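S.K.: Given next are the chains, with one letter for each unit.
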Amino acid sequence: MNRGQAGCSLIDFEQRGAMLRYLFHRILQLIPVILGVTLIVFTLTYIAPGDPARLLLPQDASDEDVAQLKHAMGLDRSFFVQYYHFLFGYDGPGDSFDYKGLFALDLGRSYVSNRPVFGTILERFPNTVLLSTVALCLSILVSIPFGIISATRQYSKTDMVVTVLALVGISMPAFWLGMLLIWIFSVQLRLFPSLAVPSNPLSIVLPAITLAAMSTAVQTRMTRSSMLEVMRQDYIRTARAKGLDEKVVIRKHALRNALIPVVTVVGIQVGQLLVGAVLTETVFSYPGIGTIMVDAINRKDTPQILASVVFMALIFAVVNLIVDILYAFIDPRIKAQYIQAGKKKKRGLFHVISRKATP
Amino acid sequence: MGEAQLSIRNLYVEYHTDEEVVHAVNGISLDLEQGESLGLVGETGAGKTTTALSILGLLPKPNGKVTSGSIFFEGKELSQIPEEEMRQIRGNRISMIFQDPMTSLNPIFPVGEQIAEALEIHFSLSKEQAAKRTAELLELVGIPRNRMGEYPHQFSGGMKQRVVIAMALACNPKLLLADEPTTALDVTIQAQVLRMIRDLKRRMRTTLILISHDLGVVAQICDTVAIMYAGKIMEYGKIEDVFHHPLHPYTEGLFASIPRLDRTQKRLSSIPGLIPDPSNLPSGCVFHPRCPYRMDVCNQIVPTTVEWEGRKVQCLKYQELS
Amino acid sequence: MSSPVKPHPRTPWQEFWYRFRKNKLAVGGMGVILLYVSIALCADLFYSWDFIVGNQIPNAFAPVGTKAVVDWGGKKVEHLYILGADNFGRDVLGRMIHGARVSMIIGFVTIAFAVLVGGSLGAIAGFYGGVLETIIMRGADILLAIPNMLFALAIVAAMGPSFQNLLLAIGITSVPIYVRLVRASVLTVKDQEFVEAAKALGARDGRIIVRHVLPNCMAPVIVQATLGIAQSILSATFLSFLGLGIQPPAPEWGNMLSEARPYIISAPHTLIFPGLAIMTVILAYNLIGDGLRDALDPKLRR
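Protein chains in written order, with the numbering used here: chain A, 1 to 359; chain B, 1001 to 1322; chain C, 2001 to 2302.
In case anyone wonders, no lab produced these hints; they're calculated from the structure.
As the structure is a computational prediction, the values presented were derived from the model and not from experiment.
Yeah, the Cβ is synthetic: ideal placement off N, Cα and C, and Gly gets one too.
Do not rely on the hints blindly, as some may be mistaken.
Claimed, not checked - Once the Cα atoms are required to be at most 30 Å apart in a straight line, the calculated DSBU-like pairs of lysine-lysine come out as:
1. B:LYS1132 with A:LYS247
2. A:LYS252 with B:LYS1065
3. B:LYS1127 with B:LYS1174
4. B:LYS1127 with A:LYS247
5. A:LYS252 with B:LYS1174
6. A:LYS157 with B:LYS1065
7. B:LYS1061 with A:LYS157
8. A:LYS252 with B:LYS1238
9. C:LYS2022 with B:LYS1065
To be verified - Over the 12 Å line for every Cβ pair with chain A, so calculated as not near, a few chain C residues:
10. THR2011
11. GLN2014
12. TYR2018
13. LYS2022
14. CYS2042
15. LYS2067
16. PHE2108
17. PHE2113
18. GLY2139
19. VAL2189
20. LEU2201
21. ALA2203
22. ARG2204
23. ASP2205
24. GLY2206
25. ASP2290
Only chain A is shown next, with the shape it has when bound in the complex (with noise of 0.2 Å):
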């Protein structure tokens, strides 16, 4: 009460103030991150066995060819040269194996294909987000209803159901059920195509379903089980008290604060499915970057392989970090705080954003 309006002002802008820290620590938090990824995954190819320079030769160079494509290649240096020479890149002897280093995405050639590894990667990585895309979307719809309503009806026929389709859902590994779908699906029932194209909306559909499967068992775990923390809680009582309509209790009041932690998870299921690709890309054939990189793994084809984990791991991080901020701005009580400050100053970012934010 005795609060008045200079003191508000303040604290808007104090929590302004905290949220821009909190972004730049997010995003500062990032660079060592992706350091620290490079990094590993550069050393365990110089640690590899098996000496890339002697695969690109015939069977019967001799050393001295080795060693001399080895100094082309810049193998020859030490192993912080070479890390560096990964990130910012190399400018050899010679213009066959020179590149601009991973932060200008160029890693060199394929050893197989001998094409830029990241081209080959930025042209298939659209089939894989798509397909991670429709996966996505599948899961949200069918887990969320399906963790309310199990979670709404505790006990029930349905929620047992529900129950144990998901326990049997986190308990599939991904492969098999690709299999499956393929041998029901496209061998008995011949409804879909077993070999996956991004240009054939129905041959999408097996694919989509097999990477789904697992999100959408955790997902609905995750809804049910916030849903039920979240209706023994004080307010859902208060909210009854008034006389609301049990619709609306657990519409308005119950579900948007059950779905702040299922979020968190969906943003980490985002990271899962890019993963998940890789799998299910290989079961269907479906030209993604899962595919690129099992394939170059099968042809040790180094920089690809290199190229595609940096790659996926990178996406990874980039896609949690965003995840973590959009988290803060869903939860209204840092929320509020961007919708009070952005009516102070009009125009910012985070205005924007909140605005967003706000259905």
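Chain A is already provided as a structure; the job is to place chains B and C on it using the hints.
M.R.: Just chains B and C now, kept in the frame of chain A:
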């Protein structure tokens, strides 16, 4: 005596868990007239909150259940009316102030919206009308109207309790159940909130059931008092009668455990023993294991309620008086 | 409405066991795992290794329940293919039983490694703090920033597919979660009175950690480890499926599925049974994990 506004008849409530059956309320009967205020006093676990929740029909599902008895409100038996009609009563004719203001407000809605909600559904007010009324309500409980759009986390505990009270008063309820409305608050704010409830009660002629374990708080506000122990009403009467001449040994014990300024006491006495396990209540009189006046029959005979001069007591000491 | 305290004259262990036993699903899961472990231990009694890795080309794709003649040590022997034969005429059930052994070993070894290494690092970080803590926790953060399976895949891809590398890859990727768990528990326990008291009595750090701090953070670690075993087994089948784990002819559920993949049409039994085996084991561990969590964490009790 006129027609009672609220009448509870021999109410029994149980909570069923996997492991045990908790006998929370064991046959209580109460009558309240319009405008009366009753203090419901007892230790934690005596069944006070359960009684209030069963009036509203909000016992936790699926564990809590009214096993027998009935509750009449304005002549209607609440358990017999359809859920739809019960919703019309909740928050409108009967409302409740909940115990813990920290957790009783939804963290993701502005407080104003939470108050306006009840107005919108019960009085079919438009958003604007509801907002106007909400602002008035907030000022009534001493919160500036410009804080309407703020979220619960921006309020202190005392302010949240005021919001909870404003919410309960929104529709001018005929019966207000106040569950420990001041327990979570500082002493100074306690006094303010109590004064507020008393003023509101006078102004609106609201019937009040004040649940508390604090006899002092009850003395300030209530006309009558019911002392609860292990889900039973041990003693009931006008506040002066009960305070000046407690009849039940448990009531005596409660008063002896309050420090008094008008008498010199060497030490505060406390009631020996613990409140009984409600899943395994003692035989006979539920209070007998802790009773200083215990007689041989106390663990065998369940005392019936003895009633005279508007007072009621459940103790074998008074059994012959009837 | 708080229910009054009811005295339970049970030790924490009895209390835990009482709660766990009431969860029928978790007990069922435990039964399944015990069954799998005993089958894995006795694998050689059911089928000899040489038999399940040796080709019996004439019996390729024999359906479920086929009686066929096999070439065994130069002699012709009649053999019942209970769950049929794969593309090389090898007994599917026999390969699954020996595959169970591999999966069980992978599950236990990798998680034992991760708990020991991660737990020690977490205890050190939590107990000593300072620069050591910063280094350990940053390292864990970075490892956690790479999806587990991707990281394991990168390690095996770089080091080459072998059983040791598979164990190493899955073990290493499982470490960071235990670092975090144990450190968090240590931090909450560290400043409590009984640890202060032990310090005041002059107990050595190692003794305090082992005697006082670790027992207090066992509950979350046990739950995580149970779920972790499931994750490890799943990772191993995934890597083997991609040809990066156990190499055929040695049987592993993942590589059995990989080998079955081209023959979905002609021999679905080679696809269905190994997958079912994976699913039931993972399911069982998940059920046990859920049961343990409910039994060990009083806060989550319903």
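S.K.: Next step is simple, just say for each hint if it's right about the structure.
M.R.: Hints and how they fare:
Of the supplied pair hints, the one linking LYS1132 (chain B) and LYS247 (chain A) holds, its CA atoms being roughly 27 Å apart against a limit of 30 Å. Between LYS252 (chain A) and LYS1065 (chain B) the CA atoms are separated by roughly 27 Å; this keeps the pair inside 30 Å, and the hint holds. Our distance criterion of 30 Å between C-alpha atoms is met by LYS1127 (chain B) and LYS1174 (chain B), whose separation comes to about 24 Å. Taking the CA atoms of LYS1127 (chain B) and LYS247 (chain A), the gap is near 20 Å; set against the 30 Å cutoff, the hint holds.
Our distance criterion of 30 Å between C-alpha atoms is met by LYS252 (chain A) and LYS1174 (chain B), whose separation comes to about 27 Å. Between LYS157 (chain A) and LYS1065 (chain B) the CA atoms are separated by roughly 22 Å; this keeps the pair inside 30 Å, and the hint holds. For the hint pairing LYS1061 (chain B) with LYS157 (chain A), the CA-to-CA distance comes to about 17 Å; that is within 30 Å, so the pair holds. Taken as a hint, the LYS252 (chain A) and LYS1238 (chain B) pair is broken in the structure, with Cα atoms around 44 Å apart against an allowance of 30 Å.
Between the alpha carbons of LYS2022 (chain C) and LYS1065 (chain B) the distance comes to roughly 24 Å, so the proposed pair stays at or under 30 Å and holds. The claim that THR2011 (chain C) is not at the interface with chain A holds, since no C-beta of that chain comes within 12 Å of its own (minimum 29 Å). With a least CB separation of 27 Å from chain A, GLN2014 (chain C) remains clear of the 12 Å interface cut-off, as annotated. Residue placement check: TYR2018 (chain C) keeps its beta carbon more than 12 Å from all beta carbons of chain A (closest about 21 Å).
Every CB of chain A lies more than 12 Å from the CB of LYS2022 (chain C), the least distance being 15 Å, so the non-interface label holds. The claim that CYS2042 (chain C) lies off the interface holds: its Cβ sits roughly 25 Å from the closest Cβ of chain A, which is beyond the 12 Å cut-off. For LYS2067 (chain C), the requirement that its beta carbon stay farther than 12 Å from each beta carbon of chain A is met, with the minimum near 26 Å. Listed as outside the interface, PHE2108 (chain C) is consistent with that label: its C-beta sits roughly 19 Å from the nearest C-beta of chain A, beyond the 12 Å cut-off.
Listed as outside the interface, PHE2113 (chain C) is consistent with that label: its C-beta sits roughly 18 Å from the nearest C-beta of chain A, beyond the 12 Å cut-off. A Cβ of chain A approaches the Cβ of GLY2139 (chain C) within 12 Å, the least distance being about 8 Å, so the stated non-interface status is violated. Consistency note on VAL2189 (chain C): stated as away from chain A, and its beta-carbon is indeed over 12 Å from all of that chain's, at 26 Å minimum. Consistency note on LEU2201 (chain C): stated as away from chain A, and its beta-carbon is indeed over 12 Å from all of that chain's, at 40 Å minimum.
Every CB of chain A lies more than 12 Å from the CB of ALA2203 (chain C), the least distance being 36 Å, so the non-interface label holds. Non-interface call for ARG2204 (chain C) relative to chain A: holds, since the shortest CB-CB distance, roughly 34 Å, exceeds 12 Å. The Cβ of ASP2205 (chain C) lies farther than 12 Å from every Cβ of chain A, with a closest approach of about 29 Å, so its non-interface assignment holds. Under the 12 Å C-beta cut-off, the non-interface status given to GLY2206 (chain C) relative to chain A holds; the minimum distance is some 30 Å.
For ASP2290 (chain C), the requirement that its beta carbon stay farther than 12 Å from each beta carbon of chain A is not met, with the minimum near 8 Å.
Hint check: violations occur at hints 8, 18 and 25; the rest are consistent with the structure.
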